[in-house]
Amino acid sequence: MHLSHDLHFARTYLREEVLPSPFCSGCGCGTLANCFLKAIEETGYKDLKRFVFCSGIGCSAWIPSPHFRADTIHVTHGRSIPVALGVKLARPELKVVVFGGDGDLAGIGLNHLIQAARRNLDVMVIMVNNMIYGMTGGQVAPTTPLNVKTSTTPFGSFEYPLDASRLMVASGASYVARWTTFHAIQVKEAVKEGLAKGGFSFIEVVTQCPAIFGRRLGMEDGRRMLHWFRENSIPISKAEDMEGTSLTGKIVVGEFVNIEKPGLLRNLDELKRKVTRAEHA
Amino acid sequence: MPSLGGVCVQLEDEIASMGAVIGASWGGVKSMTATSGPGFSLMQENIGLAIMTETPCVVVDVQRVGPSTGQATKCAQGDIMQARWGTHGDHEIIALAPDSVQEMFTLTVKAFNLSEQYRTPVILLSDEIISHLRERIDLPEHIEVVDRRELLQPPFFTSGNKFPKGMPPLGRGLAVSVTGSSHDSLGIRATSDQDIHRKLVEGLASKISRGRDSLTDFEATGIEECDIGVISFGCTSRAVYDAIEIVAERGIKVGHLRLRTIWPFPEEKIRELTKVADVVLVPEMNLGQLFLEVERVAPESAKIVPLNKVGGGLMFTPDEISSAILRNVAR
Chain Y
1 MHLSHDLHFA
11 RTYLREEVLP
21 SPFCSGCGCG
31 TLANCFLKAI
41 EETGYKDLKR
51 FVFCSGIGCS
61 AWIPSPHFRA
71 DTIHVTHGRS
81 IPVALGVKLA
91 RPELKVVVFG
101 GDGDLAGIGL
111 NHLIQAARRN
121 LDVMVIMVNN
131 MIYGMTGGQV
141 APTTPLNVKT
151 STTPFGSFEY
161 PLDASRLMVA
171 SGASYVARWT
181 TFHAIQVKEA
191 VKEGLAKGGF
201 SFIEVVTQCP
211 AIFGRRLGME
221 DGRRMLHWFR
231 ENSIPISKAE
241 DMEGTSLTGK
251 IVVGEFVNIE
261 KPGLLRNLDE
271 LKRKVTRAEH
281 A
Chain B
1001 MPSLGGVCVQ
1011 LEDEIASMGA
1021 VIGASWGGVK
1031 SMTATSGPGF
1041 SLMQENIGLA
1051 IMTETPCVVV
1061 DVQRVGPSTG
1071 QATKCAQGDI
1081 MQARWGTHGD
1091 HEIIALAPDS
1101 VQEMFTLTVK
1111 AFNLSEQYRT
1121 PVILLSDEII
1131 SHLRERIDLP
1141 EHIEVVDRRE
1151 LLQPPFFTSG
1161 NKFPKGMPPL
1171 GRGLAVSVTG
1181 SSHDSLGIRA
1191 TSDQDIHRKL
1201 VEGLASKISR
1211 GRDSLTDFEA
1221 TGIEECDIGV
1231 ISFGCTSRAV
1241 YDAIEIVAER
1251 GIKVGHLRLR
1261 TIWPFPEEKI
1271 RELTKVADVV
1281 LVPEMNLGQL
1291 FLEVERVAPE
1301 SAKIVPLNKV
1311 GGGLMFTPDE
1321 ISSAILRNVA
1331 R
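In order, the protein sequences belong to chains Y and B.
Heads up, the first sequence is in our numbering, so the first residue is 1 and it goes up one at a time.
Heads up, the second sequence is in our numbering, so the first residue is 1001 and it goes up one at a time.
Hints were generated in silico from the structure; no laboratory data involved.
There could be a bad hint or two in this list.
If you anchor each label on the Cβ, the simulated ranges turn out as follows [what the hints assert, rightly or not]: (1) Y:R224 <-> B:D1195: 37 to 45 Å; (2) B:D1193 <-> Y:I259: 45 to 53 Å; (3) Y:R224 <-> B:T1073: 56 to 64 Å; (4) Y:E17 <-> B:R1148: 27 to 35 Å; (5) Y:P145 <-> B:G1311: 29 to 37 Å; (6) B:G1089 <-> Y:N147: 34 to 42 Å; (7) Y:E17 <-> B:N1161: 21 to 29 Å; (8) Y:S151 <-> B:N1161: 39 to 47 Å; (9) B:D1213 <-> Y:D6: 54 to 62 Å; (10) Y:G137 <-> B:D1090: 20 to 28 Å; (11) Y:R166 <-> B:T1073: 39 to 47 Å.
A quick note: this is a predicted structure, and the numbers were derived from the prediction, not measured.
Even for Gly, the Cβ is constructed at its ideal location relative to N, Cα and C.
Taking the hints into account, I'd like the entire structure generated from these sequences.
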């Protein structure tokens, strides 16, 4: 499967002409790209021909566009999911994957995210949660923990962060998982699991942004942030027995939901069949 | 739609609808959305995306009284400039204005065809009165349809004078890179290079402005020789036809130019009329959006007279227009 033993496996799937990547030193986006592509390789895809990637605005939108050697559609801030919906309805046979940040998907585009989960739209959404608007200079995001100083909350954030994964469960997604970039193997497995699902799959990956977020917490080094993720991650099975307040500052990780439920496309197919039958009757 | 093999989905808002239309078009199908003024405002960011990514699609805007909620469901013609400049940045747009149910049909077909030819969103700028009409229409036996052309070789996107004829298909291993950021003719982002951006936006604008003559669509009556000119579009033109008959009884000849193409602005045709008519009346259901454009292109010697009606949703009566003609006609 590898082009040669000298090449990193992921290069098969990358537009090498756009390398080196523009990501900051220590950024988690590279780790996530690696996990995703490893899942692709292990699933048996030799290329990304049958994939369409949609992304909005933010660093994580740049994971597929321009890095992946695939059809990539890079759109307006927060609007990747509606565009993905359009692609999927037009081309049901293609795998459609959205990469987006917490600002993109849980901020400006949150309504689209909720509605996509409600529809159980047959698309995979990977939310790269770095808890801040990184690309634009470190403004507070809907996911920023309480009391963190950001460029728009210089005295500390005074709002509660959104738990996007729990929201996705409540909205009706077929598959929801949250991991961090420390959990590389689990992220890879979640991608494989999500890709095999009909309906909406949502994977939240808490990702280190040492340059913009970490340094505000005294963690300018990506590795320190990974240690922080390791020390503060709580498996979902354990979290269920814990009191709400003892979970403050913790990252609950694991598979939140994994169910069989017809996706939007199957419902639409059934509708088509019903309408056609009625017309021929 | 399901029985025709198509899909119709109602999305959460007009932002999403416009996004889905773009995604579907890249998926290889023809796609459209429809809304009225406030929804058209919400669509503007992704109309810009469609322009920038050269995505063929059709947007129907049924104009109603604004700004804001204004008088919901009441007719107006106040989105002329929103259609032109609603989205930010330098661009050109194609907008067509129907004046009957028949033209809702023919201009929708035409909008799809132009969007494919020019790889750009096309606005069907209707109004509440036209869109709520019930009229007999003739379905032509043959409908001219411009099919999607596949483009398997780059350049996939415009750069300078070269613009691609066709679209690269997805799912065929072409690694098509579509982006709303400034990009080169392969679709690779270039967010600092001044030259690439200039070539891109000049190309996107000129592919439409160079087509101005072939895009210009109108109905002209009596413009060769007349006492006064009238320029109208949409529901207003229906009252103009009656007004022309009323003033004809007094021996006044009206040169009437009814615009089917609003954008790009049919400058040559307007000048032609202003050469023949000393006075040109511009009735419209807004405070003078088309009037300003007519004044811009007309020679200084021409007298351009606005006639405006806003609010309440009632269209011009033939009497209102014939009275204005009688008041202004040079004798």
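Are any of the numbered hints broken by this structure? If so, which, sorted upward?
5
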